[in-house]
Amino acid sequence: MNTPRGLVVTGAHVSFGARPGLHGVDLSVARGERVALLGPSGCGKTSLLRAVAGLQPLTSGAIAVDGTEVTGVLPEQRGIVYMHQSPSLFDHLSVIDNVGFPLEVRGTPRRQARERAAALLDRVQLARLAHRASDTLSGGQRHRVALARALAANPAVLLLDEPFAALDPELRAEVRETVLDLLGTAEWAPAVVVVTHDVDEAAAMAHRVAILLDGRLAQVASPEHLLNAPVSVAVARLLGLPNVLTGIRAADGRVSFALDRCDARGAVGQVAVVVRVNAVRFGPPGAGTPARVVSVQHRLAGTIVRVDVAGEQVTGIPAPGLSLAAGDRVGVLVDPGAVHVLDEALGGRDV
Amino acid sequence: MTHATHRFTLLALAGWVLTPIVVLALRAVSLSWRYPQIMPMATASGGAFEALADPRLVAAAATSFWLALATGVLGTVLGFVTARLVTRASGRLQQLTWLGALFLVVAPPLASGVGLQVVMLSLGFGGTVLGVLLAHLVPATGYLTLFAAGILGSMQSGIEDEARTLGASRLQVWTRVLLPQLAPRFAESVVLGALISWGQLALTLLVGGGVVRTLPVELLSLVRSGNDQAGALAALVLSLPPLLGLGLLVRATRRTGAAL
Amino acid sequence: MTRRNVAPLAAVLLIASPVIVGVAYTILAALGLRGAGASELTVRHVAAALGGWDTWRGVGWTLATAAVATAVAAAAAFTVALRVQQSPLGRLLAVLPLAVPHVAAALAALLLLSQSGWVSRLTHAAGLTPTPADFPALVYDRFGVSLVLAFAWKEFAYLVLTAVAVLGTLDRASDEVARTLGASARQVFWRITWPQLWRGTSPAVIAAFAFLIGQYEMPALLAPSTPTALPLLIYERSVDPNLLRRGEAYVVALLALTLCAGLIAAHGIWRRRLPGVTR
Numbered sequence: 001m002n003t004p005r006g007l008v009v010t011g012a013h014v015s016f017g018a019r020p021g022l023h024g025v026d027l028s029v030a031r032g033e034r035v036a037l038l039g040p041s042g043c044g045k046t047s048l049l050r051a052v053a054g055l056q057p058l059t060s061g062a063i064a065v066d067g068t069e070v071t072g073v074l075p076e077q078r079g080i081v082y083m084h085q086s087p088s089l090f091d092h093l094s095v096i097d098n099v100g101f102p103l104e105v106r107g108t109p110r111r112q113a114r115e116r117a118a119a120l121l122d123r124v125q126l127a128r129l130a131h132r133a134s135d136t137l138s139g140g141q142r143h144r145v146a147l148a149r150a151l152a153a154n155p156a157v158l159l160l161d162e163p164f165a166a167l168d169p170e171l172r173a174e175v176r177e178t179v180l181d182l183l184g185t186a187e188w189a190p191a192v193v194v195v196t197h198d199v200d201e202a203a204a205m206a207h208r209v210a211i212l213l214d215g216r217l218a219q220v221a222s223p224e225h226l227l228n229a230p231v232s233v234a235v236a237r238l239l240g241l242p243n244v245l246t247g248i249r250a251a252d253g254r255v256s257f258a259l260d261r262c263d264a265r266g267a268v269g270q271v272a273v274v275v276r277v278n279a280v281r282f283g284p285p286g287a288g289t290p291a292r293v294v295s296v297q298h299r300l301a302g303t304i305v306r307v308d309v310a311g312e313q314v315t316g317i318p319a320p321g322l323s324l325a326a327g328d329r330v331g332v333l334v335d336p337g338a339v340h341v342l343d344e345a346l347g348g349r350d351v
Numbered sequence: 001m002t003h004a005t006h007r008f009t010l011l012a013l014a015g016w017v018l019t020p021i022v023v024l025a026l027r028a029v030s031l032s033w034r035y036p037q038i039m040p041m042a043t044a045s046g047g048a049f050e051a052l053a054d055p056r057l058v059a060a061a062a063t064s065f066w067l068a069l070a071t072g073v074l075g076t077v078l079g080f081v082t083a084r085l086v087t088r089a090s091g092r093l094q095q096l097t098w099l100g101a102l103f104l105v106v107a108p109p110l111a112s113g114v115g116l117q118v119v120m121l122s123l124g125f126g127g128t129v130l131g132v133l134l135a136h137l138v139p140a141t142g143y144l145t146l147f148a149a150g151i152l153g154s155m156q157s158g159i160e161d162e163a164r165t166l167g168a169s170r171l172q173v174w175t176r177v178l179l180p181q182l183a184p185r186f187a188e189s190v191v192l193g194a195l196i197s198w199g200q201l202a203l204t205l206l207v208g209g210g211v212v213r214t215l216p217v218e219l220l221s222l223v224r225s226g227n228d229q230a231g232a233l234a235a236l237v238l239s240l241p242p243l244l245g246l247g248l249l250v251r252a253t254r255r256t257g258a259a260l
Numbered sequence: 001m002t003r004r005n006v007a008p009l010a011a012v013l014l015i016a017s018p019v020i021v022g023v024a025y026t027i028l029a030a031l032g033l034r035g036a037g038a039s040e041l042t043v044r045h046v047a048a049a050l051g052g053w054d055t056w057r058g059v060g061w062t063l064a065t066a067a068v069a070t071a072v073a074a075a076a077a078f079t080v081a082l083r084v085q086q087s088p089l090g091r092l093l094a095v096l097p098l099a100v101p102h103v104a105a106a107l108a109a110l111l112l113l114s115q116s117g118w119v120s121r122l123t124h125a126a127g128l129t130p131t132p133a134d135f136p137a138l139v140y141d142r143f144g145v146s147l148v149l150a151f152a153w154k155e156f157a158y159l160v161l162t163a164v165a166v167l168g169t170l171d172r173a174s175d176e177v178a179r180t181l182g183a184s185a186r187q188v189f190w191r192i193t194w195p196q197l198w199r200g201t202s203p204a205v206i207a208a209f210a211f212l213i214g215q216y217e218m219p220a221l222l223a224p225s226t227p228t229a230l231p232l233l234i235y236e237r238s239v240d241p242n243l244l245r246r247g248e249a250y251v252v253a254l255l256a257l258t259l260c261a262g263l264i265a266a267h268g269i270w271r272r273r274l275p276g277v278t279r
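Line order of the protein sequences matches chains A, B and C.
Under my numbering, think of the first position of the first sequence as 1, with each following residue one higher.
Under my numbering, think of the first position of the second sequence as 1, with each following residue one higher.
Under my numbering, think of the first position of the third sequence as 1, with each following residue one higher.
Calculated from the structure, these hints are not laboratory results.
Cβ pair distances, simulated, as ranges: (1) 7/B with 222/A: 48 to 58 Å; (2) 4/B with 172/C: 21 to 31 Å; (3) 4/B with 240/A: 51 to 61 Å; (4) 5/B with 128/C: 22 to 32 Å; (5) 168/C with 4/B: 20 to 30 Å; (6) 110/A with 150/B: 32 to 42 Å; (7) 110/A with 89/C: 41 to 51 Å.
Over the 12 Å line for every Cβ pair with chain C, so calculated as not near, a few chain B residues: (8) 62; (9) 70; (10) 128; (11) 161; (12) 170; (13) 171; (14) 172; (15) 173; (16) 176; (17) 182; (18) 190.
Please read all numbers here as calculations on a predicted model, not as lab measurements.
We treat Cβ as the ideally placed atom computed from N, Cα and C, and that holds for glycine.
With the rest of the complex left out, here is chain A (with noise of 0.2 Å):
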C-alpha cells in the first residue's frame, strides 16, 4: 500500500477539563495540501492542533507523518511545526538567530546556522533585519521572521493558529500573502492546517476547509462546494449564510419556500433551504415573488439588499442598474440551480 505523504489524524479524541472535548476526528492532509479548520470559538480547534502537535496529550487515536505513526513521540521528534497566534520570536535572541535555531538545535554548526538563517531571511525580505533584537520588529516582521523559522526546521506538518489574529487587516493580507508564496514553492510542500474563524480568511488560504463543530468535522470540502452546499443548518450559520429560509415539503417531494418551490426528495415535513446570496435577484416589483426592502448596504464587493417576503428576511443583489432604497417594493428571482435543501427543520436562531 502507498503510504499517504502528510498528516493522518485518524480517530482522535481529546478532553479538556470538564468540558466536552474532541471525539473522533479523522483528518489527512496531504504535503502541499493546505487545510483550513473553522469553528466556534471554545469547539477545540486549538486543541487539536495542540495534540497533533504533541504539546498536549490525545485520550485515543493516532497521528501519522509522511507514514510513520508519531502519536507518542516528542514534540520535538514529529516534523511537526506548530506556529502560534501571536509569532513566539525568541526576544532574548536576534532575528538571525531565531531563524537559525531549529538548525542549531539539531546540531547544525552556529556559523553554517547562520548562513542557512540568511538565505531564509532573504527569502521573507528581511535580510537586512538580520543583527536586529527581535523584540524591535513591527509586527508584520515578526511574522515574516517566525515563518522564516518554520522553514528553518523543513517540517513535513506545518500547523498554523489563527494566524494572522493579531494583525491589521491591511497587514494581515500582505503578510497572507507572503505565507502563501513561501508554501506554493516547491522545494517547501509540508501539510498545512491553519485555524481560523475567518470564513473569508479560510477560503482564501485553504483548499479545503474542515468544520468542526461539538467536537466532530461536519464537513470537510473545498470552499466553493461548502458555500454552496453545507451539510446542516448549523454548518450554514457558522458561515454565515445569511439566507437559510424554512420550506416545507408535500407528498410530491416538492420544497416550498418564501421564495420558489423547487424539488428534491425527501420525507415529508418541514425542511431548510439554503440559498446563496448572488442567486437572488432583486428587480422591478411584477417578476418574481413580491417583497419589501428592508435595508440596503453599500459594500466594496457590491450592493447587499435585505428584504422582507412574507415575514421571512432575505438577502440578495439587486439586478444590473437598479438603485433600490429601504421602503420600495421589489420582485424576487431565484436561480434555481443555486438552491440547497437540507432535511432539518430550522431551530430558533441563537443569535
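Following the hints, position chains B and C against chain A.
Chains B and C only, in chain A's frame:
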C-alpha cells in the same frame, strides 16, 4: 516534576528558611540552654520575659518606633513629591533621578554615612535623634521615590483630564480623585519607610555616635556582651513588624525591583 | 534644560542633598580639608589608606565573601524559584527571610554556627564532635563561612522573589513553539528559559552583590578581625581615637562607593549590548 521531588524541595526550603528562625525563637524563650542540649531545658515562664520589661530595651523600642514613624511620614512626603515632579520632567532628568534614587538605595549607607556624620557633627546634630532621623531619611527617600514612581506610573494617565472635563476643578481633582485613590498607597509607603528605619543600624551608630539607642543598637550590644537570650528576644521583637508587613514588602519589592 | 524642568530638578537636588553633601564632605575629608584633624590639602590619608596592606586585604576579602554569598544565594534562588513557582506555600516560605532584619539574622547565624551552636550540638549528638572545640570554627573565621551563609540566607529571599516574578512574565507559548521547532525539553531550558531568567534577574543579582559589599550589621557580628571587612574598616577608622587614622575612613568609604558605582555601571554597559535590551 514528580510529587516526590516537589515535596523534597519544599522540605529542604522549609529547613533552610525556618531553622534559623526557630533556633532564634527557642533561644529567646529559654532560660538556660547549655551545650550540648539540642532543646532548651527550661523555657521561660514570665521570668525570661523580664528582659522585655528591661527599661533599656523599652526605651530603645520607643526610640526606634518614633524614628521609624517619622522616617515613614517624611520619606513618603518627599518620595511622592519628587516622583510627581519628576514624572512631569523631560526624559533625561527622569532617567537621572531614577539612577540617583537607585543609588541612594544600593549605595553602602556606611560609605555615604561617614561624610554625613561629619556634616551632622558640624551642624550640631551629631548624637541627636534628629541627626539620626535625617540620616535614615537618605535611604528611605530613595526607596520611596522609586515606590511612588511605580504607583504614579501605573495610574490611569487620562484620569485627571477626564475628571476635569467632567467638571471638577483642579483642586477637586486632587481632593475627590487623586487623594482618595492614593490614600492606601500613602499608608503603604509610610509603613515601608518605617521598616527601613526600623532595621537600620550602621547609620544610627555613625550619626548617633552610640548615644542614640535604637533597638538594633541595643541588640548589637547585648550580643557583644554575651547576653544571647535577651538579644534573641530583641531580635524577635525587631522581626515582628516586618513579618506583619511581609505581604506589603513582597509587593513593593516586585514593584521597585529593590530589596530593603 | 527647559523651564519645566526647574522645579523637578530642585526637588531632585533637595532629596539628593544629604548624599551630595555627604559625598562631598567625604572627598574633602579624605583630602584632609574637613573633619577631625583637618589641616590642609594633603594626600596623607589617601596614601595611608591605599598604601596599607590591611585595606586591600579587606577589599579582597569583602569582594570574595560577597561574591560567594551572591552566587550561593542566586543558585539556590533559581533552583527553588523554578520549582515553587506554582506553589503558594513554597513562595511564602521562600520570602520569609525578607522580614528578618540583618542584625537579627546575624544573631541567628551565631546561635546556629558557633562552636557551641545548634549545629555543633547536632554533630555532637551524632557522635562526630566530642567537644565544642572539635567543631570547625565557622564564626569569626578567616573564610567567613557563617557570614557567607547569613548573607546568602537574606539575599536568597529577595532573589527568589525576583526570579518568580521574571518567570511569571515569560511567554510559555515560546517554549512550546521551540519544542515543535525541534528543541528537546533540556534545550528549551538552556536556550530559552535560562537566558531570559538570567537576563531578568541579573540587575537584582548585581544589586544584591553591591549591597553586600557595604553591609555592616552582619560582618559586625560574624566577621573575623583580620582580614577586616570593608564596612568594619570604615566604621572602626571613623571612630578611631587617633584622629589621623580617621582620615583613612573617608578614603576607604570612597573606595567602597567607587566599587559599587563601578559594578553597577559595568553591569549597565554589559546589559546594553544584549539583543533585546536596547530600551
